[in-house]
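Student: Quick mapping for you: the protein sequence lines, in order, are chains A and B. Read left to right, the first sequence gives residues 370 to 767 (our numbering). Read left to right, the second sequence gives residues 132 to 302 (our numbering).
Just so you know, these hints were derived from the structure itself, not from any lab. You may find that some hints are simply not true.
Restraint ranges, calculated between C-beta atoms of paired labels, are given here [unchecked claim]:
#1 B:G230 <-> A:L444: 23 to 31 Å
#2 A:A664 <-> B:K228: 51 to 59 Å
#3 B:V179 <-> A:P648: 39 to 47 Å
Derived BS3-like pairs (lysine-lysine); straight-line CA-CA distance at most 27 Å [what the hints assert, rightly or not]:
#4 B:K299 <-> A:K713
#5 B:K228 <-> B:K299
#6 A:K409 <-> A:K558
#7 A:K569 <-> A:K558
#8 A:K558 <-> B:K228
#9 B:K299 <-> A:K695
Derived list of chain B stretches under chain A, where covered just means 3 residues or more per stretch with a C-beta under 8 Å from a C-beta of chain A [claimed, not checked]:
#10 150 to 164
#11 170 to 180
#12 225 to 238
#13 276 to 285
The structure displayed is predicted, hence computed values, not measured ones. No residue lacks a Cβ here, since even glycine has one placed at the ideal position from N, Cα and C.
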Amino acid sequence: MFPFDELIATQRELGLIAAVALGFAFGFVLERAGFGRANKLAAQFYLHDMTVFKVMFGAIVTASLGLVLFGGLGLADLAAISEAGASYTYLWPMIVGGLLLGVGFIVSGYCPGTSVVASASGNMDGLLTFGGVILGSLLYGELFPLFESFHSSSELGQLFLPDVTGIPGAVIAVGIAGVALAGFFGAEKVERIFSRRRGKDLPPDATGRVGRLAMVSIGVLAVLALGTLALPGSQRETETTEAGTIGQEQLARRILDEPWTVRVLDVRTEAECVEARIPGAECVPLDGLGDLGLAYDESGRDLVLVYSDAGAASGLPEPAAAYPGKVLLLENGFAGWRDFALTKPPVPAADAAEAEREAYSFRSALFGAMTGRPAPPPPKASGKMVPKKKKKRGGGCG
Amino acid sequence: MERSERFWNPYVAGVALGLVLLATFLVMGRGLGASGTASRLGVAAVQVVAPAHVESSDWLSQATTGGAHPLDDWLVFEVLGVLLGGIVAAYTAGRLKRGVIKGPRISVGTRLGLATAGGIMMGMAARLARGCTSGQALSGGALLSVGAFVFMFSVFAGAYALAWSMRKAWN
């Protein structure tokens, strides 16, 4: 159901209106939280007003629990959202970038997003901060040749906490919620200590009725999110990448018509593969798959795995599952190919249907090409035959 | 307390912000952001004065891939919304007023200089970290991205590390 198939790509105007509307809500909430004012934001780092921490973690926890819930109920495609929404992890650039952004934060009193909100409320310091962010981005571009190798160093791909820890996302999200709730109570105490010490006004009590209600809603969300674990096969993290299958004829046509769209890996033993294989297939026994760097193959080809028979009952081998494109298993593996392409096709009856005759001529041509033995020509069409319709499929045999 | 200092309860604001972020993920299939728009605005400005320079720069031309206008991106529209939402929220709360927010012990000029300098640092940092507190920490964090949490803790570490040296600017 969600996301709406990349709204921007499919329905541009509607997508841009949605972008403005969601941005409006974002800006409205930030302003009302007090994030249009530098002193409120900077206070986080002098510990007498921890609003930044409270709002930020409240938001992260709410959104991640909500995503787990929607994903668990099958209402949202979490994998697609994660893929589109999360950047790659570049360990060192992110540490250094984070430190520098933190320094810029305490110097300017804003982060890039809140500087927009500050500008909107008329704060000139916010406007100049945003101008600075623009300049900084350009400056980075000008100096880019100097940073280039560091910029893309320690790349770990898209990396999520469930992948690293092996713990389901729902449990991690709930764990973070628990830490955040504990952190909220800690923050209330810290604020009390440091506002007294610095002689500042204590921010208004946030643990009143509405504040407690917000925390209780986070708690309820967490319980519901945990509940999704009980639903069968609904967790993104516990799901192994499902491989599709490809039929013999489909594969044969693609190999002949558009070989650049498939990468065929024959995972039988080396000896079997050397003896006979599908044209263009690479002989890669299962334990050698890891050396191919499949996770980095961005060619966009479909990966076809050829076992000796149906194979892979226990799910995809890990390196293949990491392949960014589509992974397909050849139906019935090489045994199926032998039956289909290396065995003389049965001659269709004289009154056979058009489709059957077409399939036969394809198979016999394939058989001829694979084995060097010509198959007998198809029987002559009977007079009653409807004139052959031009097939859309272009080129190739058949 | 003055009306202009009255804000939402932070926990309510947090949940509300989380719901906006969740809605963005569900509807748009991606998260919120901010610094990407600043970067695109910069490219657009350079394109006006020196279009050849954009083309010759590997970095700047990323925003114009396939002949697209650098501002032709959903994030630009989202930030336009942030600006509008900020104006409406500030106006309705009686906070829409031209001014400079600063600590009591520094001059307006110093404050504006620091604001610009901090902005420049953040502009560079956000490019290096593939996003800022909105696009990387908030959106990535909600997706449980490892890089987002690494980034977020680094932001807090950087700010806390320099807070003592900057205390005169704020207190």
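Student: With reference to the structure, classify each hint as holding or not holding.
Tutor: Status of each hint after checking the structure:
At roughly 45 Å, the beta-carbon separation of G230 (chain B) and L444 (chain A) lies outside the given 23 to 31 Å, and the hint is violated. A hinted range of 51 to 59 Å for the beta carbons of A664 (chain A) and K228 (chain B) is consistent with their spacing of about 53 Å. For V179 (chain B) and P648 (chain A), the hinted distance range of 39 to 47 Å is not satisfied, since their beta carbons lie about 54 Å from each other. Straight-line distance between C-alpha atoms of K299 (chain B) and K713 (chain A) comes to about 88 Å, which puts the hinted pair past the 27 Å bound.
Proposed proximity of K228 (chain B) and K299 (chain B) is supported: the alpha carbons are some 25 Å apart, at most 27 Å. In summary, the hint linking K409 (chain A) to K558 (chain A) is supported, as the alpha carbons are separated by about 18 Å, within the 27 Å threshold. The hinted pair formed by K569 (chain A) and K558 (chain A) meets the criterion: a straight-line CA distance of about 15 Å does not exceed 27 Å. For a cut-off of 27 Å, the pair hint linking K558 (chain A) to K228 (chain B) is broken: about 33 Å separates their Cα positions.
The hinted pair formed by K299 (chain B) and K695 (chain A) fails the criterion: a straight-line CA distance of about 57 Å is larger than 27 Å. Check on the stretch 150 to 164 of chain B: 15 of its residues sit with their Cβ under 8 Å from a Cβ of chain A, so the three-residue criterion for coverage holds. Residue count for the stretch 170 to 180 of chain B with a Cβ under 8 Å from a Cβ of chain A: 6. That meets the three needed, and the coverage hint holds. Counting residues of the stretch 225 to 238 of chain B whose CB lies closer than 8 Å to any CB of chain A gives 9, which reaches the minimum of 3, so the coverage claim holds.
Under the rule that three or more residues need a Cβ within less than 8 Å of chain A, the assignment of the stretch 276 to 285 of chain B holds, with 10 such residues.
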